[in-house]
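Visitor: Build out the structure end to end from the sequences listed, making use of the hints.
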Amino acid sequence: MTETELLTWARGPGFQIASIIFALGIMLRLGEILMLGRKANLAEAKGSAMSSGLRTVFSRTVPDAATFKRSAFTVTAGYIFHIGLFVVIFLFAPHILFFKDLLHVSWPALPSPVIDATSVITIITLVIVLVHRLRDPVKRFLSNYDDYLGWFVTILPLITGYIAFHRVGMTAPSLIAIHLLSVQLLMVVFPFTKLMHAFTIFLARWYNGAISGYRGVQS
Amino acid sequence: MSEEAAIPQFNIQIGNDLTWNVQPILHEIRHALDKLLETGETRVIDLRSIPLAPGEEDRIIDTLCCGEVHAKLNALGPSEIYETRFAGVWLVTHHNEENDIIGRFIEITRIPDILKSQHEDMSIAVHQLENELSEAAESNKPETDAETNT
Amino acid sequence: MTKDLSRKDRTLGETLRSQGVSRRSFLKFCAATASMMALPPSMIPTIANALEKARRPSVIWLSFQECTGCTESLTRAHTASVESLIFDSISLDYHHTLQAAAGHAAEAAREAAMEENHGKYLVVVDGSIPNGNNGYSTIAGISNYDMLIETAKGAAAIVTVGTCAAFGGIPHAKPNPTGAVSVSDIIKDKPIINVPGCPPIPVVITGVLTHFLTFGTIPDLDNLGRPKTFFGQSIHDRCYRRPFYDKGLFAETFDDEGARQGWCLYKLGCKGPTTYNACATTKWNGGVSFPIEAGHPCIGCSEPNFWDGGGFYKAISIPTENITKTTMYAAAAGVAAGVAIGATGRMKKSAAGKAHQKVTIDDLEK
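Protein chains in written order, with the numbering used here: chain A, 1 to 219; chain B, 1 to 150; chain C, 1 to 366.
Note that these hints are calculated values from the structure, not bench results.
Each hint should be verified, as a subset may be incorrect.
Taking lysine-lysine and the PhoX-like style, the derived pairs with C-alpha atoms no more than 25 Å apart in a straight line are [what the hints assert, rightly or not]:
id, chain 1, residue 1, chain 2, residue 2
1, C, K314, C, K348
2, A, K39, C, K53
3, C, K348, A, K39
4, C, K325, A, K100
5, C, K190, A, K100
6, A, K39, C, K190
7, C, K120, C, K53
8, C, K247, C, K188
9, C, K283, C, K325
10, A, K100, A, K39
11, C, K53, B, K116
12, A, K39, C, K358
13, C, K247, C, K190
14, C, K174, C, K120
15, A, K139, A, K100
16, C, K174, C, K366
17, B, K116, B, K35
18, C, K366, C, K354
19, C, K358, C, K348
20, C, K247, C, K314
21, C, K153, C, K120
22, C, K366, C, K349
23, C, K174, C, K228
24, A, K100, C, K314
Restraint ranges, calculated between C-beta atoms of paired labels, are given here [as the list claims (entries may be wrong)]:
id, chain 1, residue 1, chain 2, residue 2, range
25, C, M43, B, V126, 52 to 58 Å
26, C, Q233, A, K139, 16 to 22 Å
27, A, I201, C, E257, 57 to 63 Å
28, A, M50, C, Q357, 54 to 60 Å
29, C, A336, A, I201, 20 to 26 Å
Ideal Cβ placement from N, Cα and C applies to all residues, glycine included.
Guide: The following block contains the structure:
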């Protein structure tokens, strides 16, 4: 198999397989979660579940002072790499082309040097986050293979993408193919690990807010 | 609008800015000139090894040209050698016999090597001159003999 | 001074001097040669020294499954006088298209050159070799496969000219009816220099031949056997439109404002980022332009399987298959499966609830 063939495979069948597993997995898990349903609350409502739920979806984005004081590092580092991931994945011109092909909508890109710098910051932050996880006794106790696998498949496309952009070590077709395959690995693993939080986080926030709202307490 | 103006221009060097490759090359020339002054080290830049945008070569030449010296060679086709308006910076353009450009160099030197007379050519020249002189001497001799005979 | 030497044994320096070429002309020739070989000008004295002593090698040019585009390209090498000097100093002993001899005489010339220069001659191949049924392409009744094997035996090195000879090229494209393969698929025991391109840049062909003539060695090659001096950097990295890519300025169609402004052609399917060639610096037609400068994306013709690379006008980051449909079907299947699993869970739960029997005091007292 030549490197061009590898790249063509990654761009064709590779993406087919990965998107089938990704979409099927995500919808299956969301379907399962939603089908669980909730028991009807027979108590009288003391406030609006809906408005409190919606508010919480946004309000939890800003950590409260006490949480921030307690774990300033986790919050800050978490924000940096999540925003970094967003910028790198969604605001790089070639990536936007991918989403345009998939979703038929497009948006403006950032200059590639900005993406380049962001990816370096994101990679460094992810490494620091891992070191912190390993050194903090509580975090280490709470971590299992799921956390480490999730970390690995997240940082991998960043590293392979960075190398492909700068063409280090190998020729471009192989590097881009490796980058695409690493993304496909992420897509395949995504629905079955804690990475699923990207889809469940707002759902969970809404439930938390809604429950509090119904009880008439602050969420 | 003239017909020519209607043709789309891909020349990104429209305007007077020293953009893209032009400025870096000028900086490179300046450093090389510094070095020539300090250490006598010469430098040659092959313009064909640089990914120039349309119009950039002309812009570089326009920026540099022209100084006091302009020499023409006739060696396997014409070559043009200009000293640019910056002393010590030369522009050497080689053409082939069909007048296509086969090489264009910026040389930072006191005088481009190609202008100097070459050792091999000079030794051939000495031989040739000697031959011509001796031939002349020989052809002179019989003539004077003939004159005295008559 | 060279009367006692036959023309073939002369060095290039001797040949040139006998033609009355001055040292100054020779230096000019060396400067143009250095530029052509993409070597730094500081190498000119070394080149002069080596060229002075270079002897004319015998070259056998084999044309297999090809379109003659590579030869057409070569004969349009713009540094005409320089090339003619070089080709005066190589002995092109066999080339279907260019030689005067035909039929048996042509084949005899090849055999004679092979015998006379055994172990020293250079084989140039353009075109791929049918390896399914050798009868698909023959010359003078000899199959391409047999001729390659036979001619390669005594060769010092092989230069493949064009993507067909280097990687299989267009004949190798799906469904590859002739079972076309590249030279390196067949010949394993000789140094092979790949000069791909469809066609290759003329000065790159002559540059590689000149390198062999000048230094008598194989140039530094990349992992695909291409000389690094010409194929060391991607088109994208050397493209004058690269700053537009970095700024995020792209032509979206062939006739929009971006196209007119000469912005990056990535979105129009440019294969510059995955293609290694010298087009962006050496350019074509005597340094006049190259495809991207003319407003067309690079099609990646110097890469293996470029013909089957998922479409010339599809950007590299776009999947080659329709994954929108795939994703939608998969998502629908996922919803169905999720609901089914959820429903099964609920049924189990309610069945368990129904089957639940309350334990009474009486039961416990039994």
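Visitor: Each hint: holds or not?
Guide: Consistency of the hints with the structure:
no.	hint	result
1	C:K314 x C:K348	violated (50 Å)
2	A:K39 x C:K53	violated (94 Å)
3	C:K348 x A:K39	holds (16 Å)
4	C:K325 x A:K100	holds (14 Å)
5	C:K190 x A:K100	violated (48 Å)
6	A:K39 x C:K190	violated (78 Å)
7	C:K120 x C:K53	holds (16 Å)
8	C:K247 x C:K188	violated (46 Å)
9	C:K283 x C:K325	violated (42 Å)
10	A:K100 x A:K39	violated (41 Å)
11	C:K53 x B:K116	holds (23 Å)
12	A:K39 x C:K358	holds (22 Å)
13	C:K247 x C:K190	violated (46 Å)
14	C:K174 x C:K120	violated (37 Å)
15	A:K139 x A:K100	violated (39 Å)
16	C:K174 x C:K366	violated (81 Å)
17	B:K116 x B:K35	holds (22 Å)
18	C:K366 x C:K354	holds (23 Å)
19	C:K358 x C:K348	holds (18 Å)
20	C:K247 x C:K314	holds (21 Å)
21	C:K153 x C:K120	holds (11 Å)
22	C:K366 x C:K349	violated (29 Å)
23	C:K174 x C:K228	violated (29 Å)
24	A:K100 x C:K314	holds (12 Å)
25	C:M43 x B:V126: 52 to 58 Å	violated (30 Å)
26	C:Q233 x A:K139: 16 to 22 Å	violated (45 Å)
27	A:I201 x C:E257: 57 to 63 Å	violated (41 Å)
28	A:M50 x C:Q357: 54 to 60 Å	violated (40 Å)
29	C:A336 x A:I201: 20 to 26 Å	holds (24 Å)
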